[in-house]
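K.L.:
This is what each chain is made of:
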Amino acid sequence: AQSVSQHNHHVILSEAASLELGCNYSYGGTVNLFWYVQYPGQHLQLLLKYFSGDPLVKGIKGFEAEFIKSKFSFNLRKPSVQWSDTAEYFCAVNAGYGGSQGNLIFGKGTKLSVKP
Amino acid sequence: EAGVTQFPSHSVIEKGQTVTLRCDPISGHDNLYWYRRVMGKEIKFLLHFVKESKQDESGMPNNRFLAERTGGTYSTLKVQPAELEDSGVYFCASSPQTKGYNEQFFGPGTRLTVL
Numbered sequence: 001a002q003s004v005s006q007h008n009h010h011v012i013l014s015e016a017a018s019l020e021l022g023c024n025y026s027y028g029g030t031v032n033l034f035w036y037v038q039y040p041g042q043h044l045q046l047l048l049k050y051f052s053g054d055p056l057v058k059g060i061k062g063f064e065a066e067f068i069k070s071k072f073s074f075n076l077r078k079p080s081v082q083w084s085d086t087a088e089y090f091c092a093v094n095a096g097y098g099g100s101q102g103n104l105i106f107g108k109g110t111k112l113s114v115k116p
Numbered sequence: 001e002a003g004v005t006q007f008p009s010h011s012v013i014e015k016g017q018t019v020t021l022r023c024d025p026i027s028g029h030d031n032l033y034w035y036r037r038v039m040g041k042e043i044k045f046l047l048h049f050v051k052e053s054k055q056d057e058s059g060m061p062n063n064r065f066l067a068e069r070t071g072g073t074y075s076t077l078k079v080q081p082a083e084l085e086d087s088g089v090y091f092c093a094s095s096p097q098t099k100g101y102n103e104q105f106f107g108p109g110t111r112l113t114v115l
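Sequences listed follow chains A and B, in order. The end of the first sequence is residue 116 by the working numbering, with every number in the run present. The end of the second sequence is residue 115 by the working numbering, with every number in the run present.
Hints are computed from structural coordinates only; laboratory data are not their basis. Some clues are possibly wrong.
[As the list claims (entries may be wrong)] Capping the alpha-carbon separation at 30 Å, the derived lysine-lysine pairs in DSBU-like fashion look like this:
id, chain 1, residue 1, chain 2, residue 2
1, A, K115, A, K61
2, B, K15, A, K49
3, B, K44, A, K58
4, A, K58, A, K71
5, B, K41, B, K54
6, A, K111, B, K44
7, A, K115, A, K69
8, A, K49, B, K51
[As the list claims (entries may be wrong)] If the Cβ cut is set under 8 Å, some of the chain B residues that face chain A in the computed set are:
id, residue
9, G3
10, F7
11, K41
12, E42
13, I43
14, F45
15, E83
16, E103
17, F106
18, G107
19, P108
Heads up, the beta-carbon is just placed ideally off N, CA and C, and yes, glycines get one too.
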């Protein structure tokens, strides 16, 4: 069965530190990859996505992610975090029957706490 | 434009009782998904509607769970009878049915606590 692994459960950083959150997936076929974010008290929202093309994807709020097919990885990065980045981050894969219409398979999430 | 809404935001019930969760998708979105997050675990897919039809219900845990989407608008998820392991946050998401990728927009979730 397809699965998504997020390596860190809780990451604590100081403002201006660099961030990298790991994500690996297990699926041999074509995948669509996503990072979602849930800020405290808010809905899950899409941070960025990868379907094809340039494996370096840029998202909102200065986030980017790199798809490395050989490593089945889609790590999230941000060069300098802010206190407002405190949130829970979810990596997800869409590899279902319906292609882009299919369900998402999520990792367990990584809580990021940024100290001011 | 209103986002995906869910009701109630929080429900506390006793084991053996029945609970019905409601999701109102974004207007015009034919795809509607239910997901669940049990504490400490990943968000897991439950089922997918396209309009009023169940496209995929492979994630439904057992026959105590019944989802409906009459008329292809809002959806309900009924748990009857509820068990302790049903506690968690139930998310609903919707997306339009157009060619190519369609972002799933999530609701705020319903936190269900079964005592």
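K.L.:
Decide, hint by hint, whether the structure agrees.
P.N.:
Hints, one by one, checked against the model:
1. K115/A x K61/A: Distance of about 18 Å is within 30 Å: holds.
2. K15/B x K49/A: With Cα atoms ~40 Å apart, K15/B and K49/A exceed 30 Å; violated.
3. K44/B x K58/A: 26 Å, holds
4. K58/A x K71/A: Roughly 20 Å between the alpha carbons, so the hint for K58/A and K71/A holds.
5. K41/B x K54/B: 25 Å, holds
6. K111/A x K44/B: 18 Å, holds
7. K115/A x K69/A: 33 Å, violated
8. K49/A x K51/B: Roughly 25 Å between the alpha carbons, so the hint for K49/A and K51/B holds.
9. G3: 7 Å, holds
10. F7: 14 Å, violated
11. K41: 6 Å, holds
12. E42: Holds - the Cβ of E42/B comes within 8 Å of chain A, reaching about 5 Å at its closest.
13. I43: I43/B check passes; min Cβ-Cβ to chain A is 4 Å, inside 8 Å.
14. F45: With Cβ-Cβ at 4 Å, under 8 Å, it holds.
15. E83: For E83/B, the interface hint is violated, since the closest Cβ of chain A sits about 22 Å away, which is over 8 Å.
16. E103: 5 Å, holds
17. F106: 4 Å, holds
18. G107: 6 Å, holds
19. P108: 5 Å, holds
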